[in-house]
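Going down the list, the sequences are from chains A and B. Position 120 (the first sequence) corresponds to 120 in my numbering; numbering is contiguous. Position 267 (the second sequence) corresponds to 267 in my numbering; numbering is contiguous.
Honestly, I wouldn't trust all of these hints.
Claimed, not checked - Within a straight-line C-alpha distance of at most 20 Å, the following computed EDC-like cross-link-like pairs (lysine to aspartate or glutamate) qualify:
(1) B:K40 to B:E14
(2) B:K163 to A:E26
(3) A:K116 to B:E128
(4) B:K116 to A:D123
(5) A:K139 to B:E131
(6) A:K19 to B:E131
(7) A:K139 to B:E26
(8) B:K120 to A:E131
(9) B:K163 to A:E128
(10) B:K116 to A:E128
(11) A:K139 to B:E14
(12) B:K120 to B:E131
Stated by the list, open to error - Coverage of chain A stretches by chain B, computed from C-beta distances (three or more under 8 Å per stretch; other residues unrestricted):
(13) 111-117
(14) 138-144
Hints listed in this document are in silico derivations from the structure and should not be mistaken for laboratory results. Note that the structure is a prediction, hence the values are computed from the model and not measured. Ideal Cβ positions, reconstructed from N, Cα and C, are used throughout, including at glycine.
Each chain, letter by letter, is given below.
There are 2 protein chains.
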Amino acid sequence: MQRFNELLALVSEEVEKLKYQNEPRELYEPIEYIMGLGGKRLRPIVCLMSCEMFGGNIDKAMHAALGMEMFHNFTLVHDDIMDSAQFRRGKPTVHINWNENRALLSGDAMIILANKLMMKVDDHFLREVMEVYNNTGLKVCDGQQLDLNFEQRDVISMDEYMKMIKLKTAVLIAGCLRMGAVIAGTSTRNKDLIEEFGLNLGISFQIEDDLLDSFGDYEKFGKKIGGDILINKKTFLLVKAMEIADQATRKKIDYWLSLKDFNKNEKLDSLLSIFKDLNIKEIALQESKLYFENAIIALDQIKVPLKDKMQLKQFAYLLINREY
Amino acid sequence: MQRFNELLALVSEEVEKLKYQNEPRELYEPIEYIMGLGGKRLRPIVCLMSCEMFGGNIDKAMHAALGMEMFHNFTLVHDDIMDSAQFRRGKPTVHINWNENRALLSGDAMIILANKLMMKVDDHFLREVMEVYNNTGLKVCDGQQLDLNFEQRDVISMDEYMKMIKLKTAVLIAGCLRMGAVIAGTSTRNKDLIEEFGLNLGISFQIEDDLLDSFGDYEKFGKKIGGDILINKKTFLLVKAMEIADQATRKKIDYWLSLKDFNKNEKLDSLLSIFKDLNIKEIALQESKLYFENAIIALDQIKVPLKDKMQLKQFAYLLINREY
Numbered sequence: 001m002q003r004f005n006e007l008l009a010l011v012s013e014e015v016e017k018l019k020y021q022n023e024p025r026e027l028y029e030p031i032e033y034i035m036g037l038g039g040k041r042l043r044p045i046v047c048l049m050s051c052e053m054f055g056g057n058i059d060k061a062m063h064a065a066l067g068m069e070m071f072h073n074f075t076l077v078h079d080d081i082m083d084s085a086q087f088r089r090g091k092p093t094v095h096i097n098w099n100e101n102r103a104l105l106s107g108d109a110m111i112i113l114a115n116k117l118m119m120k121v122d123d124h125f126l127r128e129v130m131e132v133y134n135n136t137g138l139k140v141c142d143g144q145q146l147d148l149n150f151e152q153r154d155v156i157s158m159d160e161y162m163k164m165i166k167l168k169t170a171v172l173i174a175g176c177l178r179m180g181a182v183i184a185g186t187s188t189r190n191k192d193l194i195e196e197f198g199l200n201l202g203i204s205f206q207i208e209d210d211l212l213d214s215f216g217d218y219e220k221f222g223k224k225i226g227g228d229i230l231i232n233k234k235t236f237l238l239v240k241a242m243e244i245a246d247q248a249t250r251k252k253i254d255y256w257l258s259l260k261d262f263n264k265n266e267k268l269d270s271l272l273s274i275f276k277d278l279n280i281k282e283i284a285l286q287e288s289k290l291y292f293e294n295a296i297i298a299l300d301q302i303k304v305p306l307k308d309k310m311q312l313k314q315f316a317y318l319l320i321n322r323e324y
Numbered sequence: 001m002q003r004f005n006e007l008l009a010l011v012s013e014e015v016e017k018l019k020y021q022n023e024p025r026e027l028y029e030p031i032e033y034i035m036g037l038g039g040k041r042l043r044p045i046v047c048l049m050s051c052e053m054f055g056g057n058i059d060k061a062m063h064a065a066l067g068m069e070m071f072h073n074f075t076l077v078h079d080d081i082m083d084s085a086q087f088r089r090g091k092p093t094v095h096i097n098w099n100e101n102r103a104l105l106s107g108d109a110m111i112i113l114a115n116k117l118m119m120k121v122d123d124h125f126l127r128e129v130m131e132v133y134n135n136t137g138l139k140v141c142d143g144q145q146l147d148l149n150f151e152q153r154d155v156i157s158m159d160e161y162m163k164m165i166k167l168k169t170a171v172l173i174a175g176c177l178r179m180g181a182v183i184a185g186t187s188t189r190n191k192d193l194i195e196e197f198g199l200n201l202g203i204s205f206q207i208e209d210d211l212l213d214s215f216g217d218y219e220k221f222g223k224k225i226g227g228d229i230l231i232n233k234k235t236f237l238l239v240k241a242m243e244i245a246d247q248a249t250r251k252k253i254d255y256w257l258s259l260k261d262f263n264k265n266e267k268l269d270s271l272l273s274i275f276k277d278l279n280i281k282e283i284a285l286q287e288s289k290l291y292f293e294n295a296i297i298a299l300d301q302i303k304v305p306l307k308d309k310m311q312l313k314q315f316a317y318l319l320i321n322r323e324y
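Isolated chain A (complex conformation):
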């Protein structure tokens, strides 16, 4: 994955070069902090890869790519407030490191900084890029609202769950890909297909992410197993389990979800054992694979030379191909 690493280095360098105002420090310090926490920079990278695949100049897509990364990081800061999350990328979240007001206001400022980065694209693509940006951003808010709604509800249908992850996760990846395509100046058909690729890949990626929480390898991924389970998070696994469980199993699930006080290991073992009995891991892998295949089908239909698709195809396999 040489090109991925090259683009990661390039994006990281550009992120580091972003200059913020000095004053008020209280506002810009959290922005530098969250932008400096790193992460895989997946969104700007796929934006550049898409631009490159369609024969565009990635220099022309860099500001938009950085704008999307800024926007993504704003969503992390505000989502972490809403979820009362303590850690992000192994470090204290912004509202924990400082306070909620500073996290709130810094997040607001990040949207405007993202706006400003977006406005640096060439006139020729400006309106279309801004349309992708604003439509994508609003959908991400819609998705976060659905996710918040789920916390208040006992039962979520699989349709509702899929709609939520599509809006909250897949749309932003798809938007980044489409943006790269817009800046490369490719056909509408190609733009639609690369977006379709991104939507399917994003959904596949989110299901894998849900899987990772319950069945991931701690040594390999550095994430603690079962965090989602302990807080009753409506993941693909839980939603599917509630959908297919028989009455007796469903009662057991409801019992564990209803407990306010519990032994963590006991709750974890019990729900993982239910997931195992219901074949949830295999079902989730199957579903993820389906979306992944749809992503590849969309990619295959794109009208560019086969060799030019290799980077994004390799990237897709790398993104999803995890061991359990």
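Chain A is already provided as a structure; the job is to place chain B on it using the hints.
Frame of chain A; chain B shown alone:
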């Protein structure tokens, strides 16, 4: 003030016509609520007045004016979270009416909705309008951060206070005026002057607003007297009083600010009496008048026929001319 009322009617009608997505209701309901609470719609109105003064077509400025009103209302929603404010325009604030997460997320969505409104301006002005919009928005965040900082500090200098109200309040009014001028296609000199007018008027307006809290007529303005005093808010009055008080008076001020438990009327009477002894009301009126005069000087320098300036001049007098 016939033209003001006509423009208010026009803007109110356009605000009512704004269409929001139906789903998720939890996200868009608070947006409809805050946008429907009314208010004087000062910001979009001055944007249109400025456009009109420079011979522009107000239809071409309407979307930008609405975008600024949407942005202003976003700041209200988020500021109310940060200030733990219970009421806004006599109604429960968004985070009180629903909850903080919904207020936070709805505010985020409002920035994007404001972005989308801004993008509706003609190509010819797009970049300049977006530059005014983004620069203004970021300054408003800077100003809110300074205001938050002030809460944590015992002493604020008059310079710091003036900088804060300039950023938090005046810049947005000035930005709206400049935007109208941009869309009317006037000269750079005229754009600078109308912005200067707005900055000075905005500062004058904010000092008057501070005065209103301590010396306003409840019957006339429906605001309770002394809300700012009770929460130790760093207003022009308090900052000035701390600046000019002798040691003994300063001790009295510090005493009242330091009390955690107090009789409200007692604290109010004591601080109002100190303000009276220090002539704070007269000093504030004088300062407000100075900025107001500077606003009028800037307006007078603008190169358009005298009669075309009358609407904004009348508006300025109406905005500031309050009785105590």
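**Given hint E26 (chain B) paired with K139 (chain A) - CA-CA distance at most 20 Å** = It holds: about 14 Å lies between the C-alpha atoms, which stays within 20 Å.
**Prompt:** Keeping to a limit of 20 Å between CA atoms, is the pair of K19 (chain A) and E131 (chain B) held or broken?
**Reply:** holds (17 Å)
**Prompt:** Within 20 Å, alpha carbon to alpha carbon, are K139 (chain A) and E131 (chain B)?
**Reply:** violated (24 Å)
**Satisfaction of hint between E26 (chain A) and K163 (chain B), Cα-Cα up to 20 Å** = holds (16 Å)
**Message:** Check the hint pairing K120 (chain B) with E131 (chain A) against an upper bound of 20 Å on the C-alpha distance.
**Reply:** holds (11 Å)
**Request:** Sort out whether E14 (chain B) lies within 20 Å of K139 (chain A), counting only the CA atoms.
**Result:** Roughly 24 Å between the alpha carbons, so the hint for K139 (chain A) and E14 (chain B) is violated.
**Item:** Hinted pair K120 (chain B) and E131 (chain B), Cα distance within 20 Å
**Value:** holds (14 Å)
**Asked** Given the proposed pairing of K116 (chain A) with E128 (chain B), does the C-alpha separation stay at or below 20 Å?
**Response** holds (12 Å)
**Prompt:** When you check the alpha-carbon spacing of K163 (chain B) and E128 (chain A), does it fall within 20 Å?
**Reply:** violated (37 Å)
**Request:** For the pair supplied as a hint, K40 (chain B) and E14 (chain B), confirm whether the alpha-carbon distance does not exceed 20 Å.
**Result:** holds (14 Å)
**Request:** Quick one: see if chain B covers the region 138-144 of chain A, three-plus residues with Cβ-Cβ under 8 Å.
**Result:** n = 4 at 8 Å, threshold three: holds.
**Request:** Test coverage of the region 111-117 of chain A by chain B using CB-CB distances below 8 Å; three residues minimum.
**Result:** Holds: 5 residues of the region 111-117 of chain A have a Cβ under 8 Å from chain B.
When held up to the earlier numbered hints, the structure conflicts with 5, 9, 11 and fits the remainder.
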